[in-house]
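*Asks:* Make a model of the complete structure from these sequences and hints.
These protein sequences, in sequence, are chains A and B. For the first sequence, this note's numbering gives the first residue as 1, with consecutive numbering after it. For the second sequence, this note's numbering gives the first residue as 967, with consecutive numbering after it.
Treat the hints loosely; a few may be bogus.
[Unchecked claim] Here are the simulated lysine-lysine pairs, DSBU-like style, with alpha carbons at most 30 Å apart: (1) Lys900/A to Lys1152/B; (2) Lys719/A to Lys676/A; (3) Lys138/A to Lys366/A; (4) Lys927/A to Lys1088/B; (5) Lys970/B to Lys900/A; (6) Lys927/A to Lys1152/B; (7) Lys733/A to Lys1152/B; (8) Lys900/A to Lys935/A; (9) Lys1096/B to Lys900/A.
Since the hints were made in silico from the structure, they are not lab data.
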Amino acid sequence: MNRRDFFKIVTASGAAAASGGCQQATETILPLVVPNDQIVPGVASWYATVCRECPAGCGVIARNREGRVVKLEGNPDHPVNEGALCLRGQAALQGLYHPDRLSGPSVREAGGPAKPILWDAAEKLVAERIGALRAAGKGRAIAVVSQLETGNLGALLDRWIQALGARPRVTLEPFGYESIRAANKITFNRDAIPHYAFEDAEVVLSFGADFVETWLSNVNYTRTFTRMHSFRDGRAGTFIHVEPRQSLTAANADEWVRNVPGTEAMLALAILRVMVDEGAADKRFAEAVAQVDLKRAAEETGVGLPTIKRLAKVFAHAKPGLAIGGGVAVTGSNATQTQVAINLLNAAAGNVGKTVRFGPDSAYGKVTPHAEVAALARAMAGGEIEVLVLGGGVDPVFTLPSGLKFADALRKVALVVSFANLPDQTTELAHVSLPDTHWLESWGDYAPREGVLGLLQPTMAPIRDARPMGDTLLRIGRVALGAEEGKGPLPWPTFEQYLKAAWEPLVKGQLEAALRRGGLFGEVAPVAVTAKVTAGEPAPAKLEGDAGGLTLLAYPSLRFYDGRSAVSSWLQEAPDSITQAVWDAWVEVPEETAKKLGVAQGDMLAVKSPHGSLELPAYISPTLHPGTVAIPLGHRYSPYQRPRYVAADLRSLNPMALLPATADATSGGLAFMAVKVTLTKLGTRRPLAVLQATHDQDDRELARHVDLRAAREQALRGKGPAEAHVTMYDNQKYPGYRWGMSIDVDACVGCQACVVACQAENNVPVVGKASAAYGRQLHWMRLERWAEGSAAHPMNMFLPMLCQHCEVAPCEPVCPVYAAYRTDEGLNGQVYNRCVGTRYCGNNCPYHVRRFNWFQYEFPAPLEVQLNPDVTVRQLGVMEKCTMCIQRIVAGKDRARDEKRSVRDGDIVPACQQTCPTKAITFGNLKDDASEAAKLARSPRAYHVLDEIGTRPSVTYLKKVVREHA
Amino acid sequence: MSGKAAVGALGVVLLAVLIFLAISSWSRQSSAADAKPSVQPINFPHSVHVGTYKMDCQYCHSEARRSEYAGLPSVERCMGCHKIAAADKPEIKKLAAYHADKKPIPWVRVNKLPEFTYFPHKAHIRANLKCQTCHGAVETMTTFGATTGPRVTNDLLYLVGLKPGGPPLSMGWCIECHREQNAAGKQAPLDCVTCHH
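*Replies:* Here you go:
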C-alpha cells in the first residue's frame, strides 16, 4: 500500500466513523400500564422494615427508587436503634443485589453439581420424602435448623414441625450468650438476658463484652453508651474494659485493663472482695468471696493489686454502675462462673433493677444452647436424621467448630434442604436448594426484645426467582400431610396471610400505620429479682492443646458478625478499625512472640491446634497480651470476589477450624476460648492491605484531646481568646447558606458505619485488595485511629476524615480546568465532566481525601441496580471526593422552596450523619448561629485539623475528653 | 485532469466532509439534548393533543410538577379518553392492543441530557416556566422533535451562526436563562454542582 492509498482509506473510514458516531443508540422509555400510586418515577418511596443481618433487629427504612431499593437508613421510630444503623446494616444491600444470589431452585446428586429444577418438582421431591417418613412414623428423623426467629416465622416453623411430628426446632446462633442466661438462672432465678441501661450508668465495667462491635445489640448499646460517656451530653461517665486483646470496644475505654485470658471471673470476684472488705458492699456478699485470695488473684489475672483496688473503688462509688461480660472472644469453659461473678458485682453495687433490667429481655434468650446443636450433630452422625431443613442465615459448616465435625455429620443425612439464597459452605453439601427471598423482599416480624415487635414488609419485588420460606414450607407441609389448601393444620395459602391473621389482634385494623411506623413498640414492666449469693471457686478457663502454646482468641468481627455479612464487598473493603486492614484475615501476634519467631507483618504463619490448622498472614500487635494470639471470626469470600478483588487463594480464613467442641458445662454454650495453638513460620509472605501506615501522630495533633477537668473548666468559663487568623485574603462572602460540619472526636467510637453509608449513598466503587494495598481505595471518608501513650495502656482517638471543604483550598488553584472550585455555599465543588485527571488537586490536598479513578470500575450485575440515581457514576480518569452529599443538599433546598421557606436546621442530613450510632457528626448552616453545627463549632473543644497551614476548613472537630485517672 | 489530481481532489473533498461532520457532530454534542425525530411505535401527534384540543401538558406528563422527570402517561391514562375518542383509527387500535396485552408502549426517547447532568423538571414548573421554553413549539409538532432536531439543514444553519428550530438545551443556553432570571430578581442557581453531582 502506498502513502496515498493509506490516506484514502484513513479519510474514508474516518468519515464513516465520524458520521456513525453521531447516531446515539436508540433508547426506549416505558410507561406503566396501570399507574401505581405508590411510585412516582424520580421520587423515592420509603418502606419501613427490620434489619435481619444479626439478631439485634434494628429498624430500617428502605429508600425505593423506581421499584428498586437503593439505600437503607435506620428507622428513627424504632426503639432499638433510633435511626442509626451499623455498617452491616448499611451493607445489607450488597446481599440483596449479590452477583452470586441463587437464580432459582436446584437439586444436587451426591458429589455432583447443582442442577436447576422447577419449583413444583423440587417441592414435591422434599414433600414426598417427608410424607413417607411421617407415614412410617419416623417424624423424628426430620430436623429443622433456623436462625433466631422470635416472630411468626418461628411460630409457623414450630407448627409445621408439630404437624409433621419432627424434632423440636434448633435455633442456631453461633453467638448465643448461653452463659449469661445460665448465670441469671443461678443468681436471679431467671433464664433470660436482661436489657442493660447503659445511659443510666455512671461507670461501665465490662469484662470482654464487645458492645461496640457485636455484643447483643451493638447499635443500641453504642448509642446508649455514648449518652453516659460522651462529654457533650454532660455526663462524662467512666468506662473500664477488661480484655486480653485491644478490641474496638477496649480502644474506646477510659481504662483498658489487659488481663490473662480466662481470668475474668477471678478478677470480678477480687473486685467484689475489695468492695466487701472496704464496706462498699453488703456483708452478705462476703460468703461469695470468702475463698478469694487477693494476692493470688492479682498474680493470676496479671492485673495487679493496686489496679484491682482502684477498679473496686471506682465501681463501688458509681450511682449506679453497670458490670457486663460475655464477649465471645473470652467465652471459655468457665463462662457461667464469670457471669455469676459479674451478677454478684451488679447485685452488690445495687445496679440490679437500675441498669440491669429484667422484663424487656433480649431475644437472645431464645437461642437453642450450643449443647443441643451438638446433640443434633451427633444424631446426624449416628444416622438418626434423614431430612435436615436449613433456614436462611445459618451456615453451620462454617460457623461451628471443626471439633464438632458437622460437615461429616451432614454427609450422613439423606436429604439436606437449604433455604439459603446465597451459596456458602453448607449449601455446597445440600441436596435441594429452595432459595428464600431476601429479608428486604419479605414479609415477617421480629421481636429483638420483649415489648418491641418490628414488622417486616417487602421493600421491593424479588430480584431473583426466590420464594418466601414460609410459603414453600406451607406447600411442602400440605403435600406431605395430604391436605388441601384451607384445611388441616397448615391451611394458609401463603405466609403473608398467616402473618396478617396473626397481626390482626395486635394492630386492630391499623396495619398500615403499624407498617409505616415499622412495628409495635411498647414498654414492658420491669421484673424485680433478688440475688442469691453463691460461693464461687474461681478457676481459670480450661484450655486444650500444647501447654506451652499460645491461647487462641477467636473474636467476632464487627464487619462480618459470624460470617453471614462477609459476602459484602463494601464490608471487605471497610477497614478493620484497629488494624486498618482490608480484605484479608490475619493472625494477630504479640510483638514479643513475633520477635522470637522472627516474623514481620505479612509473613505467613501456620497456626496449629489439635483440631486443625490454618495458614494466615501475621499482624504484629504491640498491645495483645503476650501468651495469646487472636484471629477474627467470620472472614470468607463469596465466589464472585475471586479473583476479581482478591487472589484466587482457596485457603480457609476461618479460625473455627482450630476449635474443639468444648462447651461450658453449666450453660451448654460453646467455649470459643478453649485451645492453645502453636505458630510456625512458613517462610512465604502474603502482605496485608493496611490502609493506615502508622497510628503515631508524631506531634502533628490531627486528633486532639483535653483533660476532663480542663474541659469542664472551659465549658463553664469558655476558652481563652483564640488567636486571630492572619490572612492576606479577603474573607469569602456567603450570600445564602454556608454549609459546614462538626465532628465530635469524643463521641466517635470508630465503628465505620459512616464509611459504608457514604459508599452506599455516593456510588463509591470497590477496588479490591491489590489496589487498596497500593493506596487506590476510593472511600470518600475514612476513619483514622491515632494512639498515644504506652503500648500496654494506649489512648485511642478515632478521627473521621473527609473533605474539609476548606475556605482557602489548596486543591483549587492547582486545577488547570477549574474542575475544583469554591461554591457560594462554602463547599469545594468537583465537576466531574470538567475534570481531565491531572491529579494535581489530590497531590496538593494536605488531608489526602481526594480519590482518583485509576480504572473503569465495574459494578457486577445486579449490583448496578443499587446505584443512587441522584449521583453520577464516575469514570476512569476522574478525581472525586466528599461532596457533603450535595444531592441531599439540593433535595433539601428544593423541599424548602416547595414550602416557601429557607432550609431549617436538620432538614439536610448527609448519609454519614444519618447512620452514626453516636451522633458524632453534625451537618448544618454555619451562618445560622442557632444551628447545631454552628453551636458545636463555637465549643471550647473545637479545633481544625492542620489549622496551622491556614486552609480554614468548614469541618470543625471537637477534642476528645480524657478522664484524669486513665 | 490527471488521475493523480482526481485522487487529490477527492481527498480534499473527503477532508472537507470530514471536517464538516466533525464540526457538526461537535455542535450536536453541545446540544446533545436536542430533540431527535424517531420512528415511534405509535404515531402520536402532539399537534392534535396540544394544538387542537388545548390539553395541558401536565395532564399526560403529570410527574413534571413533583419529580425530576416529566414522566409519561400510563397506558391506562391514554385509554381513559381513547376507549371512546377516535377508537376506530388504526393508531388508536395499536394503543388498544398494548392495553389489552397489558404491555407498556416502547416509546423511543427523544430528549436526553447527558448522564452527568441533573435536571429537575419540578423546580422549573415551580418557577412557572412554560414547557415550550425548552421543548419548542410542541403544539405544532406532528412528530415530536422533527423540526427542532439535529438534521443536516439545522447543522448547516448552526454552522453559519443561525439558530434554527427549538432551543439547543446546551449548558450555555441554560446559564444564559438563569442569569436573565437572576437579573429579574428570581433565584436561579448558577452553581456547577447544582446540576453536576
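*Asks:* For each hint, tell me whether it holds in the structure or not.
*Replies:* A quick look at each hint next to the structure:
no., hint, verdict
1, Lys900/A to Lys1152/B, "holds, 13 Å"
2, Lys719/A to Lys676/A, "violated, 53 Å"
3, Lys138/A to Lys366/A, "holds, 27 Å"
4, Lys927/A to Lys1088/B, "holds, 28 Å"
5, Lys970/B to Lys900/A, "violated, 73 Å"
6, Lys927/A to Lys1152/B, "holds, 22 Å"
7, Lys733/A to Lys1152/B, "holds, 20 Å"
8, Lys900/A to Lys935/A, "holds, 26 Å"
9, Lys1096/B to Lys900/A, "holds, 21 Å"
Consistency note: the structure conflicts with the earlier hints numbered 2, 5.
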